[in-house]
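Student: Each number in my numbering corresponds to the 1-based position in the sequence shown with 10 added.
It is worth saying that the hints were derived from the structure and are not from the lab.
It is possible that some hints are incorrect.
[To be verified] No more than 30 Å apart at the CA atoms, straight line, and that leaves these computed lysine-lysine pairs for DSBU-like:
#1 664 with 68
#2 664 with 444
#3 664 with 137
#4 68 with 137
#5 444 with 68
#6 444 with 137
[Stated by the list, open to error] Pair ranges (Cβ atoms, derived):
#7 314 with 436: 48 to 56 Å
#8 148 with 491: 48 to 56 Å
#9 222 with 268: 23 to 31 Å
Please read these numbers as outputs of a predicted model, since none were measured by experiment.
Each residue gets a CB set at the ideal place from its N, CA and C atoms; glycine is no exception.
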Amino acid sequence: MLRLLPALLLALVSCAQPAAKEERRAPVPTRSLERERLRALRGLEGMTRARYDPATAKPWVDVSGADPYRLVATSDGFLGILRGSRALVRLDAQLREQARLPLEEPPTALCVAEDGSAWVASRYGRKLLHVTADFRLLATRELELGGVADVACGQHLYVLPADGSSLLTLGETGQELARAPALPGGLRLLIRGRYLLESSLFARTLRIWELSPRGLPGREAGRVVHDGTLWAFDALEREGELVMAVAGVEDQPLVRVHGEFENIDSFVWVYSLRDGQLRELLSLNVSQHGLVVPKAVHLRAAGADLTLNAVAAGSGRWLRAELATGHIETGPALPGLSDAVFGASGELSYASPLLDAWVRVDRAGTRAVRVEPDRRPSLEVRLGEALFFTELIAPDNDSAGSHSRFTCETCHFEGSVDGRRHYTGRGEVSVVTKPLFGLANNRPHFSRAMDPDLASVSHNEVRVAGAGSGQEPWFTVETARFPWLHELGVERARLEPLALRQALLQFFYAFAPPPNPLTAGRSHFTELEARGAAAFARHCQSCHAPRLSSDEPATAVPFESWERFVFSSSAPIVWARGDYEQSGVLPYVHERGTRITSLRRLALKPRYFTNGSSPTLEDVLVRFRNGAHDAGKESARLAPLSQETRRALLAFLKVL
Numbered sequence: 011m012l013r014l015l016p017a018l019l020l021a022l023v024s025c026a027q028p029a030a031k032e033e034r035r036a037p038v039p040t041r042s043l044e045r046e047r048l049r050a051l052r053g054l055e056g057m058t059r060a061r062y063d064p065a066t067a068k069p070w071v072d073v074s075g076a077d078p079y080r081l082v083a084t085s086d087g088f089l090g091i092l093r094g095s096r097a098l099v100r101l102d103a104q105l106r107e108q109a110r111l112p113l114e115e116p117p118t119a120l121c122v123a124e125d126g127s128a129w130v131a132s133r134y135g136r137k138l139l140h141v142t143a144d145f146r147l148l149a150t151r152e153l154e155l156g157g158v159a160d161v162a163c164g165q166h167l168y169v170l171p172a173d174g175s176s177l178l179t180l181g182e183t184g185q186e187l188a189r190a191p192a193l194p195g196g197l198r199l200l201i202r203g204r205y206l207l208e209s210s211l212f213a214r215t216l217r218i219w220e221l222s223p224r225g226l227p228g229r230e231a232g233r234v235v236h237d238g239t240l241w242a243f244d245a246l247e248r249e250g251e252l253v254m255a256v257a258g259v260e261d262q263p264l265v266r267v268h269g270e271f272e273n274i275d276s277f278v279w280v281y282s283l284r285d286g287q288l289r290e291l292l293s294l295n296v297s298q299h300g301l302v303v304p305k306a307v308h309l310r311a312a313g314a315d316l317t318l319n320a321v322a323a324g325s326g327r328w329l330r331a332e333l334a335t336g337h338i339e340t341g342p343a344l345p346g347l348s349d350a351v352f353g354a355s356g357e358l359s360y361a362s363p364l365l366d367a368w369v370r371v372d373r374a375g376t377r378a379v380r381v382e383p384d385r386r387p388s389l390e391v392r393l394g395e396a397l398f399f400t401e402l403i404a405p406d407n408d409s410a411g412s413h414s415r416f417t418c419e420t421c422h423f424e425g426s427v428d429g430r431r432h433y434t435g436r437g438e439v440s441v442v443t444k445p446l447f448g449l450a451n452n453r454p455h456f457s458r459a460m461d462p463d464l465a466s467v468s469h470n471e472v473r474v475a476g477a478g479s480g481q482e483p484w485f486t487v488e489t490a491r492f493p494w495l496h497e498l499g500v501e502r503a504r505l506e507p508l509a510l511r512q513a514l515l516q517f518f519y520a521f522a523p524p525p526n527p528l529t530a531g532r533s534h535f536t537e538l539e540a541r542g543a544a545a546f547a548r549h550c551q552s553c554h555a556p557r558l559s560s561d562e563p564a565t566a567v568p569f570e571s572w573e574r575f576v577f578s579s580s581a582p583i584v585w586a587r588g589d590y591e592q593s594g595v596l597p598y599v600h601e602r603g604t605r606i607t608s609l610r611r612l613a614l615k616p617r618y619f620t621n622g623s624s625p626t627l628e629d630v631l632v633r634f635r636n637g638a639h640d641a642g643k644e645s646a647r648l649a650p651l652s653q654e655t656r657r658a659l660l661a662f663l664k665v666l
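Let the hints inform the model, and build the full structure from the sequences given.
Tutor: Listed below in structure tokens is the structure:
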């Protein structure tokens, strides 16, 4: 059993009872100065937009660089996957590349079996690859899934779907042995002893399966369920107890009523599962220790004592906590990690898509091994990516009281969502988090349509992110505060306010949605999808217009060209008009209604309608009436869609 001594007990108590909120007022620039700056930013956007063509824009994963993404230890080094370069690579102990196997789809899932062979899959495709220890492609299997979130190697191979369908157990040749209902929005799998752990982005849940003697998921042993996103976890089994470390956002609702984002610090929790009873042993606010969005945690046991390790993606720091003594140590690292391996001697190796590098932290210091630096996007886009994924966007935030240190990714995991409904602070209006992919051709922006362009979005995101710091929103970054900017390619001593916003704007133009796994390798609708397209043209396109730019009617794509665009790599049709509508889904976010939402990449959303009142697309279609999504008094006499029409529409909507 864990022993929590005074230092960590004090941290637990202080986190459970936050200090009173300190009110802060940031200096406000004059309206004339604000208008002048925004006018300059809009001029810069105008030049960018003149070069932008949504029909030819590539998915972010194809332009973001090599994107080292997953890393797994082997007997003599590591195996890693390059999401952007579409490759499996063998690395030596110093993270230097020794061999490479090109892949068709951007890989995102990797595990290594006892015989040294590797299983590789993609969230953006349906192929499961088996690669021998000497780097030969042994087998390829097409899975009936909407993408693979993760794979885990143990007694069998376990496959976590990205589409929330079925958790698969496969044999050594890929044959199906069992399936069980998966949680929606699958994220990661982990095997520890007789347990299989499954995490969900959409459900903000870590589920613990007990494996049968045959290695099949059987009884559900427990769940960790939070209000906010769970980014990473680790576990170890000992003496009849499963001990788990979980990293995520503060376990309480986000607060917006004071004009800033509150209660979204980063935390690490330790839980114990024994005899079916789940107990929280520790709740540690790691933002107070400089860790923002920790995406890797690790537990190590030495007798009865435990060591907790964590490393942050959003701030580039590591933490080590000795639970028996209460000692906490932190140190610098490089930001942007997506996966890490914790060595037995305290060394840390990880993948950083942000820096397009493999990173090693040990007693000698921190070292980055860059991967294909010539493939990286422009420096301006890279800086914008750093503003999105690190605390650079709000460098003076702190964790006092309900104030929080965070990044955009705190609520938009990898640019998508956190699975939550947030209270807006306005009347009775709560809204679901939306993905931030594909903003460039979806103007005006967000549900209230208050941002007419990305110049406005870029400024307002910077302004609101740092609203609780008390600092002037048009701040300058002294790059000496963030030495890791050198690894990004920034050599200037200062980053001026307009340059920061311009970089974020350029990133948003490049941040196109990922490929749809259901269209991978295809070029034509199925018969059911084709009927769904025809039904969509009859019932839906008056609001969800097939435009390449939502606010430009002239960009509407004719029906006979829908198929070609849907099966292109970027599938750029927005499926929206840039107008307000009163659809019957209440309450409205604006006095004129709600801006028509884009239907592009619906699988990236955990719930539907602005208020999240529909849990599934099937429910959306059941609620549909011509002229309104909800049958209120004025539309109660309208006929619903037939079951066959709903089935066809559902098939079509899934490939958008």
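Student: Tell me the numbers of any earlier hints that the structure contravenes, in ascending order.
Tutor: 9
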